[in-house]
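J.: Protein sequence lines correspond, in order, to chains Z and W. Per our numbering, residue 1 is the first one in the first sequence, and the count goes up by one each step. Per our numbering, residue 1001 is the first one in the second sequence, and the count goes up by one each step.
The set of hints was computed from the structure by calculation and includes no laboratory data. Small disclaimer: the values here were computed from a predicted structure and weren't measured. Don't take each hint at face value.
[To be verified] Quick list of in silico lysine to any residue cross-link-like pairs, SDA-like style, CA-CA up to 20 Å:
1. LYS1090/W with GLU204/Z
2. LYS1076/W with TRP142/Z
3. LYS1137/W with ARG313/Z
4. LYS1076/W with LEU214/Z
5. LYS1076/W with MET218/Z
6. LYS1137/W with LEU1169/W
7. LYS35/Z with ASP154/Z
8. LYS152/Z with GLY136/Z
9. LYS1076/W with ASP202/Z
10. LYS1090/W with GLY119/Z
11. LYS298/Z with LEU258/Z
12. LYS152/Z with ILE88/Z
13. LYS1137/W with LEU1088/W
14. LYS1137/W with MET168/Z
15. LYS35/Z with MET168/Z
16. LYS1076/W with ARG114/Z
17. LYS1076/W with ARG215/Z
Each chain, written out:
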Amino acid sequence: MNALRRLTGNCTPRTLWSLAALLLLLLLAPAFLGKYWLSVLILILYFAYVGQAWNIVMGFAGQLSLGHALYAGLGGYIAAGLFFHYGIGPWAGLFAAVAAAALAGAIVGYLGFRFSLAGVYFALLTIAFSEFTRIGFEHWSWAGGSGGLFLKVDAASNLLDLRGGPVMFYYVILALAAGALVLCRALLESRLGRYWLAIREDAEAAQAVGVPVLRCKMLAMVISAALTALAGVWNAFYYNNLFPETAFAMSRSIEITLAPIIGGLGTLFGPFVGAVVLTGLGEAFTDAGDALGIPGIKQIFYGLALLVIVMFRPAGVWPWLSARLGLGERTP
Amino acid sequence: MTGARLDLDGIGKSFRGLRAVHDVSFSVPAGAIHALIGPNGAGKTTIFNMIAGVLTPDVGTVTLDGRVISGLRPDKACDAGVGRTFQLVKPFMGLSVLENVTIGALHRRRDPADARASAAAILERLGLFGRRHQLAKNLTLPDRKRLEVARALATEPKLLLLDEVMAGLRPTEIDVMVAFLRELNRQSGLTILLIEHVMRAVMALAADVVVVSYGEKIAHGTPQEIARHPAVLDVYLGDPEAA
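Looking at chain W on its own, in the form it has when it is part of the complex (with noise of 0.2 Å):
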């Protein structure tokens, strides 16, 4: 498992006339981690959406180590190396956690045992492994992110997409969450974008930062740049001249 280069090029589209995301460029060099954040509303799952293959840009490119993805099918996204989680976890809720996993792993490996050997593996790590044979409905919250993220690993992604993953995790949690993403990209250099909220999180992991607001990207800088900056500021904050 290796990363891939992600470059989105000028990439916009729009729901009936309404203007969900226009004109967004940026990159995420192999291996990197970086965040994409912004207001409720901004855009951000509709721009991993058009990663992943849910929806199809209007205009612009996707493409993944110079290689086209915008426009394939989601499972063809998933071939190309994609991953993902959904913002709204889901999770196949009337099978165990086991097979859940397994279902991810079946796209590489064909034979379900060797799927399910590699899916324990990735348990292990995820720290799920005690609760394999649970039903992924019997799973608090905390969990069933932690089996969406091993869902999307066991593909064996180049590019992970987080969406608010730490979104309901206590403060401990996310620390474990973050130690487990860290590790995992050092270990095998999978690049990933996260869209989060939780700020904790973003510092401890982007390298970058990606902004954007009413669909338009507004900032890209390190972490230490966009806490800084004014346009990022005025639209979290408001216009310190106008208050």
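Just chain Z, same shape as in the assembly (with noise of 0.2 Å):
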């Protein structure tokens, strides 16, 4: 209870009742959802929570990622595969993967922070790690190599194994999703959240004032790639088949980056808002694109769309909503 309190202590009763609204609409969607809108809703879910796991980094302690493919890639293709080649279901094979993406976390920020690498230089640290690993996981024959790894396609629903339907897969990313909320809230709520956003806004500074800089950086670091591929098994169980060059791929990377930014860096609810900008988006344009018969119209509006977000919000969209709906935390 106390914990609960501390969490969300200073929200106001207005954004706590409209959280648990969107919190009840979202358990309710799959009754009156039709298959299609139901797996655009899984899309922005699945993007809300990756989103979320890279805003620990980027948003709160000011790293930028641009590989972070990597560990859901790595957490993929080891649950993937322990079940593949072993029948290990993946509620036992994503500690395995999870561990494996920490270690590649702590060892990419290692190299990073320790020898301080800021900016786009370790940005283009963690790129080469990703696109490495990809180029091994194309010659490593126990993941498929690059002909791909594909788990057996199985409707009866099978929590246990992670086999089933969209509904299924839906209601495990929403678990995600919000526990990946309430984590990040507390996160922040901590001394170590506070440390991050110290060590964003100056490093030097906060090292002035007692923060372990380097330490500090490596557990966001491993937080986020742990939390991310959580997200890599559950993508790879929902989708059945795995090939380096798009678990891997740079565009993925890219991908995991655009919630958060479109939806407000550093903020809480911005990668969930902004998964539903893009992905609404998207979908819109998809389908102008089909109307029209136009081909690659849905890249060229999609891009102006962010380009305009961007140019309009530059703190993103979700810190101009939250104010215009009187949503927010009261001043303490």
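From these two lone chains plus the hints, build me the complex, please.
T.: Put into structure tokens, the structure is as follows:
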């Protein structure tokens, strides 16, 4: 109860009620959504979740990672490989998946932060690791090499093996997204979270007030990588296939960053709002493109829409939207 | 909060052969206020950085109450009791005034609510409480300087290093800051070492003044002695014989 009060402490009643209403709506959604809209909502929640995970490193601690596909890919491959080869279910496999991704995050983080790589140089390091992992997996026969790894499709719902239809996957990703939101809120309220913000704003000043900068940055990477790995596991079992070329692709890494950037870096709700905007726009432009019969028009409009949002709402959609809706925290 | 004694023993630092600080020794007794002055580029901030752990001296040691602190990382120096401000102020721009100081207070208080209460009390004393919800980037320069002092104090230091906190302040604001520092020192016995160009503040605050020029200590004495010291006059005004 105390922990709950701490989490919700400063939120206005209006914020809490809105959050509860949204959660209820999401819980009931599969009952009245068709197959297509459910799949759109699944996509939104997936991007909200990985965005939340990436936001810890960039939005909170201020370190630009453009290689988060590495952690999602590692997580997915390990859990899927264990299931495929040894029949080890994903709920057990995810421990190995999370451990491997966390270790990878620790290695990338240590190399980057220990030697004070910052900004784009750190970003380049993260890209490099993701890229050479991709090349490694293309030649690793256990993981299926460049031919990919395929899981048997099984429509019978079996939560233990994470086999089943979209509704089951919907609830799993909803639980992950909600859990990540609560976790990030708790982190931000903690000492570590405050230290991340201090590092993001000015690392030298942070260190002068006693912040152990290297350790805090490492923790951000490890926690973020571990959370991202869970998304990778979910993704692998949802799509039933994995290819190094897509799992570790640069475009996959970029995709992860978009929702929080559009929604609002460093905000708790930004990744969710950004995912709604991005996926919504994407779907709308796909429909428009189909209707007009012009191929490729989706990408053009999608890019333009992002450009407009970034130009007019550089801090993201959520800070502006939350002020409009009167949602937020009261000032203590 | 009580003060600690600071001892610099023959510290020196070179950057790629360029001698920034050479064989500087002096002590600040616990609870005293001393000033470090000298022309631009004399090595004052380099000395501060060696005390605060940003730089490791090539030779010599810095001790705080007898414990060697030179060579420690800045966050460990903070652990040991060194609080500092930056010459070019470095508030956490995107965070509120209260959050800035709370982060400092978290150093010795693990509970955020406790840290926030301690931060609020410090802001009250520095006259920033009314602005606690403003973002640091929206503060004026004098307020940013006060915020830096507040954030450093929140770490509950035993030695406070102030790097030109008076620069850019109006005379009345200088008097307010001087009164605050004197009161702080009197109440808590905090040791203070300040780098300062504003002589009005140095004369009002410092019991002793250390003068450095070209990386070397050229004089050490009371403000009155320093004001008449031939080597100091030479550095600041030039050699009267040559003029």
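J.: Each hint needs a verdict: does it hold in this structure or not?
T.: We went through each hint and held it up to the structure:
1. LYS1090/W with GLU204/Z: Since the Cα atoms of LYS1090/W and GLU204/Z sit roughly 8 Å apart, the hinted pair holds (cutoff 20 Å).
2. LYS1076/W with TRP142/Z: Distance of about 47 Å is beyond 20 Å: violated.
3. LYS1137/W with ARG313/Z: holds, 19 Å
4. LYS1076/W with LEU214/Z: holds, 13 Å
5. LYS1076/W with MET218/Z: holds, 18 Å
6. LYS1137/W with LEU1169/W: holds, 18 Å
7. LYS35/Z with ASP154/Z: holds, 17 Å
8. LYS152/Z with GLY136/Z: Violated, at about 24 Å.
9. LYS1076/W with ASP202/Z: Judged against 20 Å, a Cα distance of about 17 Å means the pair holds.
10. LYS1090/W with GLY119/Z: Holds, because 19 Å separates the two Cα atoms, which is no more than 20 Å.
11. LYS298/Z with LEU258/Z: holds, 17 Å
12. LYS152/Z with ILE88/Z: Cα-Cα ~14 Å, so holds.
13. LYS1137/W with LEU1088/W: holds, 14 Å
14. LYS1137/W with MET168/Z: Answer violated: LYS1137/W to MET168/Z is near 47 Å, above 20 Å.
15. LYS35/Z with MET168/Z: holds, 13 Å
16. LYS1076/W with ARG114/Z: holds, 17 Å
17. LYS1076/W with ARG215/Z: Since the Cα atoms of LYS1076/W and ARG215/Z sit roughly 13 Å apart, the hinted pair holds (cutoff 20 Å).
Violated hints, in rising order: 2, 8, 14; the structure is consistent with all others.
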